[in-house]
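Colleague: Fit chain A to the supplied structure of chain U, relying on the hints for placement.
In the order they appear, the protein sequences are chains U and A. Under my numbering, the first residue of the first sequence is numbered 1, with each subsequent residue one higher. Under my numbering, the first residue of the second sequence is numbered 1, with each subsequent residue one higher.
Hints were generated in silico from the structure; no laboratory data involved. Owing to the predicted nature of the structure, the values given are computational and were not obtained by experimental measurement. There may be inaccurate statements among the hints.
Claimed, not checked - One-sided and incomplete, this derived list gives chain U residues near chain A with beta-carbon spacing under 8 Å:
| # | residue |
| --- | --- |
| 1 | Asp55 |
| 2 | Ser56 |
| 3 | Leu59 |
| 4 | Lys67 |
| 5 | Lys86 |
| 6 | Val87 |
Said to hold, decoys possible - What the simulated footprint calls covered on chain A by chain U, stretch by stretch (three residues with Cβ under 8 Å from a Cβ of chain U suffice, anywhere in the stretch; the number is not a length):
| # | region |
| --- | --- |
| 7 | 22-33 |
| 8 | 55-68 |
| 9 | 112-120 |
| 10 | 131-141 |
As the list claims (entries may be wrong) - Using 20 Å as the maximum straight-line C-alpha spacing, the simulated EDC-like pairs for lysine to aspartate or glutamate come out as follows:
| # | chain 1 | residue 1 | chain 2 | residue 2 |
| --- | --- | --- | --- | --- |
| 11 | U | Lys30 | A | Glu70 |
| 12 | U | Lys19 | A | Glu30 |
| 13 | U | Lys95 | A | Glu125 |
| 14 | U | Lys67 | A | Asp122 |
| 15 | U | Lys98 | U | Asp72 |
All C-beta atoms, glycine included, are put in the ideal place defined by N, C-alpha and C.
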Amino acid sequence: MEMTSDTSSGLQIIKVLDKRIDAAAAIQFKESIRSLTSDSDGPVVLDLAEVDFVDSSGLGAIVAAMKFLGKDRPLHLAALTPIVAKVFTLTRMEKVFKIFDTPSDAIDASEANRA
Amino acid sequence: MPDGSMAERQSTPRQANKANDIALVFPATESAVRRALNSVCGTLRALAVNDFTLASVEIVLAEVANNIVEHAYANTGNGTISLKCQLEAQLILFEVIDHGATLPNASLPPKQVHDLESDINDLPEGGFGWGIIRDMTHSLAYRRYKGRNILKFSIVCEG
Numbered sequence: 001m002e003m004t005s006d007t008s009s010g011l012q013i014i015k016v017l018d019k020r021i022d023a024a025a026a027i028q029f030k031e032s033i034r035s036l037t038s039d040s041d042g043p044v045v046l047d048l049a050e051v052d053f054v055d056s057s058g059l060g061a062i063v064a065a066m067k068f069l070g071k072d073r074p075l076h077l078a079a080l081t082p083i084v085a086k087v088f089t090l091t092r093m094e095k096v097f098k099i100f101d102t103p104s105d106a107i108d109a110s111e112a113n114r115a
Numbered sequence: 001m002p003d004g005s006m007a008e009r010q011s012t013p014r015q016a017n018k019a020n021d022i023a024l025v026f027p028a029t030e031s032a033v034r035r036a037l038n039s040v041c042g043t044l045r046a047l048a049v050n051d052f053t054l055a056s057v058e059i060v061l062a063e064v065a066n067n068i069v070e071h072a073y074a075n076t077g078n079g080t081i082s083l084k085c086q087l088e089a090q091l092i093l094f095e096v097i098d099h100g101a102t103l104p105n106a107s108l109p110p111k112q113v114h115d116l117e118s119d120i121n122d123l124p125e126g127g128f129g130w131g132i133i134r135d136m137t138h139s140l141a142y143r144r145y146k147g148r149n150i151l152k153f154s155i156v157c158e159g
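Excised from the complex, chain U in its bound form:
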């Protein structure tokens, strides 16, 4: 799955470039996250601005990514589009993740924490 990765203020920002994280893409999603995070540490922010659809399999894949990153590397989310936000609300998984309006908000929060 197509993703870009940038590091800023100790945060790894992974932007998903595909439009869908669904049943057909769930396995590739997990593999891509795993390979992009294998040589790094620190919290990860998943930028979902380009993703316009997530189903329950995609949601499960995001939870799986959170688990394999482990407790010391929190996975945060940013820029949820309307359908994606709806799925997180319906399943109450919005309570499990820290969700930012934009990746820069996540960076600001991280810098404020360090200051």
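Modeller: Okay, now just chain A, sitting in the frame of chain U:
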């Protein structure tokens, strides 16, 4: 006569409604489900269904169809899913049929309530589907008939 049949078609409201019916049959695979959702949502959009309603349709259809792929046909890819959709004034009616395994207890599964306060490693990675389907449908009915699963549901046309 062609002219006569055309006039009759236009003068009958029921016939006019038929033009808004969608029917498709597709293989029970994840990629075919993706294409079917794209097709149904594209057609409904062309019929002036708004984005808010389309979002509900896409989410519910994805959960229903993925359940069939994964559970009724156990990810074998052998089987088909038949989908019918009828656009009414306030509701969109759906009928989804497959020839796979019966739902557990031959009835609609409940919404699963997950403990989200639990340890990160115990968080659920699945079991969201029927909760989403139940929450987002206006009506929902299942029956097993002659080796087929028949799921009928409706979604409210918002705004």
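Colleague: Using Cβ atoms only, decide whether Lys67(U) comes closer than 8 Å to chain A, and label the hint accordingly.
Modeller: Holds, because the Cβ-Cβ distance from Lys67(U) to chain A comes to roughly 6 Å (cut-off 8 Å).
Colleague: Decide if the proposed pair is consistent with the structure: Lys67(U) and Asp122(A), CA atoms, cutoff 20 Å inclusive.
Modeller: holds, 9 Å
Colleague: Does the region 55-68 of chain A contain three or more residues whose Cβ lies closer than 8 Å to a Cβ of chain U?
Modeller: Satisfied; 6 residues make the cut.
Colleague: Checking one constraint from the list: CA of Lys30(U) to CA of Glu70(A), max 20 Å. Satisfied?
Modeller: OK: Lys30(U) and Glu70(A) at ~18 Å, within 20 Å.
Colleague: Okay, the region 22-33 of chain A and chain U, do three or more residues pass the C-beta test at under 8 Å?
Modeller: That given contact holds, which follows from 3 residues of the region 22-33 of chain A lying within Cβ reach (below 8 Å) of chain U.
Colleague: Go check the region 131-141 of chain A versus chain U for me, would you? Three or more residues, Cβ under 8 Å, otherwise it fails.
Modeller: holds (count 4)
Colleague: Any CB of chain A closer than 8 Å to the CB of Ser56(U)?
Modeller: Since chain A brings a Cβ to about 4 Å from Ser56(U), closer than 8 Å, the hint holds.
Colleague: Can the restraint linking Lys98(U) and Asp72(U) be considered satisfied, given a maximum Cα separation of 20 Å?
Modeller: holds, 15 Å
Colleague: Would you settle whether the hint for Val87(U) is holds or violated, based on the nearest Cβ-Cβ distance to chain A being less than 8 Å?
Modeller: The hint holds - Val87(U) has a Cβ within 8 Å of chain A, the shortest such distance being about 6 Å.
Colleague: Once the shortest beta carbon distance from Leu59(U) to chain A is found, is it less than 8 Å?
Modeller: holds, 6 Å
Colleague: For the pair supplied as a hint, Lys95(U) and Glu125(A), confirm whether the alpha-carbon distance does not exceed 20 Å.
Modeller: Holds. Lys95(U) to Glu125(A) sits at ~15 Å (cutoff 20 Å).
Colleague: Holds or violated: the hint that Asp55(U) contacts chain A, with Cβ atoms closer than 8 Å.
Modeller: holds, 4 Å
Going through the hint list in order, the structure satisfies each hint without exception.
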